[in-house]
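Chemist: First to last, the sequence lines map onto chains A and B. Going by this note's numbering, the first residue of the first sequence is number 1, and it counts up by one from there. Going by this note's numbering, the first residue of the second sequence is number 1001, and it counts up by one from there.
Wrong hints could be hidden among the right ones.
To be verified - With a Cα cut of at most 30 angstroms, we get these calculated DSBU-like pairs of lysine-lysine:
{"id": "1", "chain 1": "A", "residue 1": "K167", "chain 2": "B", "residue 2": "K1045"}
{"id": "2", "chain 1": "B", "residue 1": "K1074", "chain 2": "A", "residue 2": "K138"}
{"id": "3", "chain 1": "B", "residue 1": "K1074", "chain 2": "A", "residue 2": "K167"}
{"id": "4", "chain 1": "B", "residue 1": "K1043", "chain 2": "A", "residue 2": "K167"}
{"id": "5", "chain 1": "B", "residue 1": "K1014", "chain 2": "A", "residue 2": "K137"}
{"id": "6", "chain 1": "B", "residue 1": "K1196", "chain 2": "A", "residue 2": "K65"}
{"id": "7", "chain 1": "A", "residue 1": "K105", "chain 2": "B", "residue 2": "K1045"}
{"id": "8", "chain 1": "A", "residue 1": "K178", "chain 2": "B", "residue 2": "K1045"}
{"id": "9", "chain 1": "A", "residue 1": "K166", "chain 2": "B", "residue 2": "K1135"}
What the hints assert, rightly or not - Restraint ranges, calculated between C-beta atoms of paired labels, are given here:
{"id": "10", "chain 1": "A", "residue 1": "I165", "chain 2": "B", "residue 2": "G1059", "range": "20 to 28 angstroms"}
{"id": "11", "chain 1": "B", "residue 1": "K1074", "chain 2": "A", "residue 2": "C68", "range": "22 to 30 angstroms"}
{"id": "12", "chain 1": "B", "residue 1": "G1050", "chain 2": "A", "residue 2": "L43", "range": "41 to 49 angstroms"}
It should be emphasised that the hints constitute simulated quantities derived from the structure, not laboratory data. Only a predicted model underlies this, so the values are computations on that prediction, with no experimental measurement involved. Just so you know, even glycine gets a beta-carbon here, dropped at the ideal spot from N, CA and C.
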Amino acid sequence: MGQIIVFTSGKGGVGKSTLVANIGTSIALAKKRVVVIDMDIGLRNLDMIIGLERKVKANIVDLTKNLCTLDDALVYDKRTQNYLALIAASQSDLKKDINLFKFHKVLNDLEEIFDYIIIDSPAGIEEGFNKSVFFAKKAIVVVNPEISSIRDADRVLALLENHRIKKEIFLLINRYRKDLSQRSYYISATEIIDLLHVPCIGIISEDERVLRQNNSGVPFVYQSSFSVSTEVKDVTDKIVGKTKSIKRNAPPSKSIWEKMKKNSI
Amino acid sequence: MPAKRTPDSVVSFKGFSEGILMSLMLHDFEFDKVIRKAVSIYKKKQDFFGANVDLYATGFDRELTDDEGGMVRKMFAYLIQKPVHTYRDNTPNSLQTSSLTQPTDTSFSSLNASSDNPEKVSSFSDPNEFLVIGKNVRAGVVVQSPGNIIVFGDIHSGAKVIAGKSLYVFGSIKGEAGFGQHPECKQAILACKEIKAMRIIAANQSLDNTITTLGETSIPVYIYLNEGDVSIVKITHD
């Protein structure tokens, strides 16, 4: 049975699609069968970042409407010896065109074929977000070290924590600059983890070469000399269960009476 | 002329932390027909919902009365032997429910206006209620209780916690907090470990200026409300 993982953030432009493309590729290079699904209906771009846009013949909306077969919608990446597959989003449909029950059926079929099903959620907390996160058992919330991204991530975490389908939730800090972490105006990774109170699965640095790789349709994990590639591979290891995630620097939880005693004057 | 409501829009189902929340339209149609429609839709979806999930009933724009709740329970028991609970928004479960929905009339302005509005005041029916929240209150979550509230965690930026009486926070307040909001409340206290608040309301007084002069502080702060007078005490170990 495959594992369904959703990448979400609330705020747009934090690097969800870039990370989905690269972590998906990295998992595939580790010889695990993985499918990435672009759920940003109407604004598809994951296919371009992976470099498979010319091969896309059908999309997730076609699949849920039974207008094509699963084989038609799956686009395999030969560079990963077909371990990586993509199901693209539709550009002409709307988010409401995906039927949740039929989407569930598609996921069930994919779980039989793939080890990992990675869903790239759209920005926002509306219909597209709800459908993307609904069936996921694991959610990775991507956050940038800026206050607006952290606030939106907090809102998304509240929705995920209270979702009727319990999820394992992790934080992934993206576009982080270690050189600025000591500056007073910069929000450090420790502060982000403490603010959001969620285990962090990794920290990905800011690197302008990522933009070049995205525009050329070659995920940056193929460039092993990049430090971001190593960071993404570390995250991949945690996803596939080789290493554990970073816990926040919180004191051990205490009983109510211990807390009251400690805080009483 | 208002658009005629279709039969399909008289009932909706959505998931929340306690189970399935079934919202019923209480106008326009005969209520027994609405319940029958709800039963037929529930029967179609029950495999998806799961057999053991709890079912709660409420109205689209208000909670069900006891009579309406009883009618829903009886018809569901008679037609499909499914127990139904009547959903009450002022139960502790409202924390989870409110986090799934956008804030509506729980803003400070509406609460302050409530003292002049008997219908709004009716939501403050039980000032002895005690709500304990054992986790952080995240952005977008609105918690409201007619009585006291204890939060074992932080109130995050973008969250709102509004207590009819006192509010005790064993963490920092970074969002909005209100206390002493019950119209009959004369004395109340807000106690917190750390204050970095966006907005604090004591009864119907905004403490924005006071908090600005107080500045961000990482030491415990008590704010007392006594017959409309507000006093702030910073707790130091000196």
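Chemist: Would you mind marking each hint as holding or not holding in the structure?
Modeler: Okay, the hints, checked on the actual structure:
Distance check on the hinted pair: A/K167 and B/K1045 sit about 22 angstroms apart at the alpha-carbon level, within 30 angstroms; holds. Distance check on the hinted pair: B/K1074 and A/K138 sit about 39 angstroms apart at the alpha-carbon level, beyond 30 angstroms; violated. With a C-alpha separation of about 35 angstroms, the suggested pair B/K1074 and A/K167 falls outside the 30 angstroms cut-off, and the hint is violated. Distance hint between B/K1043 and A/K167 is fulfilled; the C-alpha atoms sit about 27 angstroms from each other, no more than 30 angstroms.
Restraint check for B/K1014 and A/K137: satisfied, since their Cα atoms lie roughly 19 angstroms apart, inside the 30 angstroms limit. Between B/K1196 and A/K65 the alpha-carbon distance is near 50 angstroms, which puts this suggested pair outside the 30 angstroms criterion. A distance of roughly 15 angstroms separates the Cα atoms of A/K105 and B/K1045; the hinted pair therefore holds under the 30 angstroms criterion. Only pairs whose Cα atoms come within 30 angstroms are accepted, and A/K178 paired with B/K1045 is rejected, the gap being roughly 50 angstroms.
A threshold of 30 angstroms between alpha carbons decides the hint, and for A/K166 with B/K1135 the separation of about 16 angstroms falls inside it, so the pair holds. With their beta carbons about 26 angstroms apart, A/I165 and B/G1059 fall inside the hinted range of 20 to 28 angstroms. Checking the proposed 22 to 30 angstroms range against B/K1074 and A/C68 shows it is violated: the Cβ atoms sit about 47 angstroms from each other. Checked against the hint of 41 to 49 angstroms, the pair B/G1050 and A/L43 fails, with Cβ atoms roughly 34 angstroms apart.
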